[in-house]
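Protein chains: 2
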Amino acid sequence: MSLVIVGSVAFDALETPFGKTDKIVGGAATFAGLAASYLFDKVKLISVVGEDFGEANMRILTARGIDVDGVEVVPGGKTFFWSGKYHNDMNSRDTLVTELNVLADFDPKIPASYQDCEYLLLGNLTPQVQIDALRRLNSKPKLVVLDTMNFWMDVALEDLKTVLKQVDVLTINDAEARQLSGEYSLVKAAEVILDMGPRYLIIKKGEHGALLFGEGQVFSAPALPLADVFDPTGAGDTFAGGFIGYLAKVKSVNFTNMKNAVIYGSALASYCVEQFGTERLQNLSKEDIEVRIQQFISLTKFDI
Amino acid sequence: MSLVIVGSVAFDALETPFGKTDKIVGGAATFAGLAASYLFDKVKLISVVGEDFGEANMRILTARGIDVDGVEVVPGGKTFFWSGKYHNDMNSRDTLVTELNVLADFDPKIPASYQDCEYLLLGNLTPQVQIDALRRLNSKPKLVVLDTMNFWMDVALEDLKTVLKQVDVLTINDAEARQLSGEYSLVKAAEVILDMGPRYLIIKKGEHGALLFGEGQVFSAPALPLADVFDPTGAGDTFAGGFIGYLAKVKSVNFTNMKNAVIYGSALASYCVEQFGTERLQNLSKEDIEVRIQQFISLTKFDI
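The listed protein sequences derive, respectively, from chains A and B. Residue numbering for the first sequence follows full-length UniProt numbering, beginning at 1 and increasing consecutively. Residue numbering for the second sequence follows full-length UniProt numbering, beginning at 1 and increasing consecutively.
A portion of the hints provided could be inaccurate.
Identical chains blur together in the list; that is why a pair holds if it fits in one copy or across any two.
Each computed PhoX-like pair below joins lysine-lysine, with the alpha-carbon atoms no more than 25 Å apart [as the list claims (entries may be wrong)]:
no., residue 1, residue 2
1, 205, 301
2, 140, 251
3, 142, 251
4, 188, 205
5, 188, 85
6, 85, 42
7, 188, 301
8, 249, 42
9, 188, 20
10, 140, 42
11, 140, 205
12, 20, 301
Hints are computed from structural coordinates only; laboratory data are not their basis.
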């Protein structure tokens, strides 16, 4: 039984009010894989990189026990590159460079050893690639979580609607929930989106936390109030990785476990933003995670 | 022992995507007083209205057992009037008309029967009026809660800083916390503001809930996700009234009770926005409030 994550592995160059980086390792599958690796030990990635990615960078993943057999290395190819600059509020950013490179022709291949997949995270990608990955699994996973973004709603809405019919959980942000549903109220938006296929919807609200809808219930998780958000890149992917990693660990999908999974995803995301890129996610301890879970408990607990 | 609320009693004319009203009763003290009246039975208002306010409108307050001996009626005067139009997102609004009328010369008088005040809410008003009200009490109340807004930070910052030194709890929204502190991070903003005097700070985030800071702790309360926000006018005042009303009821000020008070304030505010003006706050039952408190519990509870 394994957790398979399909998504980008990339180079990012980042500029925030706290500083800037040269090309560092990023990508949705990288963040999600690292996060999931703290909760579950059979994490397998499907992605594509260029020859420029190199062994040292791949070791960031393998050092955490992540299986990279499904990460195709294209000879002579260049790795997907994204560069962005965050504004002072850290909630908005400008994309400076997007070079798709080998990601442009990404055709996800499932190694035979990945066919034991029971938990599948389809990271933010062209919906057609998400559909292909799902179709190439011999049996439907126990749980499929899909992340997407406004861009695909703009340019590939029909494909997105097709894949939505086949997933169990959708994670998007509040603006995207409003765009996808045409409803401003997030309660109404959730109703519309749950009618599109997913059994559960997670609406990510950045510094305001996340809402989980499903089984006729709602759960609201805060984000941890932080003195400094150093670099928000990858926070959403980290959340998704922690979320599905927790569910793979507890092996049971219901609203109660989903709520805990949201808290674990939020805790890991709160670490992600403390340093540039994946830096903070490379060396967490079990105690680090436990400390933060306790902070979420004390942040939200009341006794009426 | 009583709870005294100083603030405006007003006429509002509102326009929202759901409809519009003629002049209806509004004002910070009105919303706060009605909310508090569901939790505590000795609520006393200090305000000023014109002769146009009339007995029927005053009965909205007295019907809930609220003492209006401190509501001065100015012969021949006109009641404060505000008119506003909400945009589709309900988070932003345009002020169409502001006629201060008798509020322009509001000089708060404390009836002798109000000198038993142990809980004092200074609603959003000129800071000088808040200072005067506080000074005219014979003894310092057990708890002073102050609400204010960005306008007073722009035009009366020094007076505001003076009154902040004398209060226990400040309630403002996130943009105001950032303006008052000069810090974007709400954690850093809270540190700066708590250094200005208050022992506790509540940052109201509208549909994203509220944060409570104090005693070195943080508490995050969500807002109830609602399908329709009919009219947000008065939600913040209702929150403040429910907050202090709960504390007056339990008669003990500490972080544990403050957290519950935030939940009660949020529950009452969630009713406030369901209808125009004070309409929904005029006829709540104990069961209505209990039902909503249970919704907040199920919305936030997880068990890791």
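Quick rundown of the hints versus the structure:
In this assembly of identical chains, the alpha carbons of residue 205 and residue 301 lie at most 25 Å apart whether taken from the same copy (20 Å) or from different copies (19 Å). In the homo-oligomer, the alpha carbons of residue 140 and residue 251 lie at most 25 Å apart inside one protomer (16 Å), although the nearest pairing across protomers, at 57 Å, exceeds that limit. For the homomeric pair residue 142 and residue 251, the shortest alpha-carbon distance inside one copy (9 Å) is at most 25 Å, but the shortest distance between copies (52 Å) is not. In the homo-oligomer, the alpha carbons of residue 188 and residue 205 lie at most 25 Å apart both inside one protomer (16 Å) and across protomers (20 Å), since each shortest distance falls under that limit.
In this assembly of identical chains, the alpha carbons of residue 188 and residue 85 lie at most 25 Å apart only when taken from different copies (23 Å versus 33 Å within one copy). In this assembly of identical chains, residue 85 and residue 42 lie within 25 Å of each other by CA distance neither inside one copy nor across copies; the values are 34 Å within and 55 Å between. Taking identical chains as interchangeable, the C-alpha atoms of residue 188 and residue 301 lie at most 25 Å apart only when they sit on different chains, with a minimum of 22 Å there against 27 Å within one chain. In the homo-oligomer, the alpha carbons of residue 249 and residue 42 lie at most 25 Å apart inside one protomer (10 Å), although the nearest pairing across protomers, at 53 Å, exceeds that limit.
In the homo-oligomer, the alpha carbons of residue 188 and residue 20 lie at most 25 Å apart only across protomers (23 Å), although the nearest pairing inside one protomer, at 40 Å, exceeds that limit. For the identical chains of this complex, residue 140 and residue 42 are intra-copy neighbours only, at 18 Å inside a copy versus 62 Å across copies, given an alpha-carbon limit of 25 Å. For the identical chains of this complex, residue 140 and residue 205 are neighbours neither inside a copy (30 Å) nor across copies (41 Å), given an alpha-carbon limit of 25 Å. Taking the closest pair of Cα atoms, residue 20 and residue 301 never come within 25 Å of each other, the shortest separation being 38 Å inside a single copy and 39 Å across copies.
Checked against the numbered hints listed earlier, the structure breaks hints 6, 11 and 12; every other hint is satisfied.
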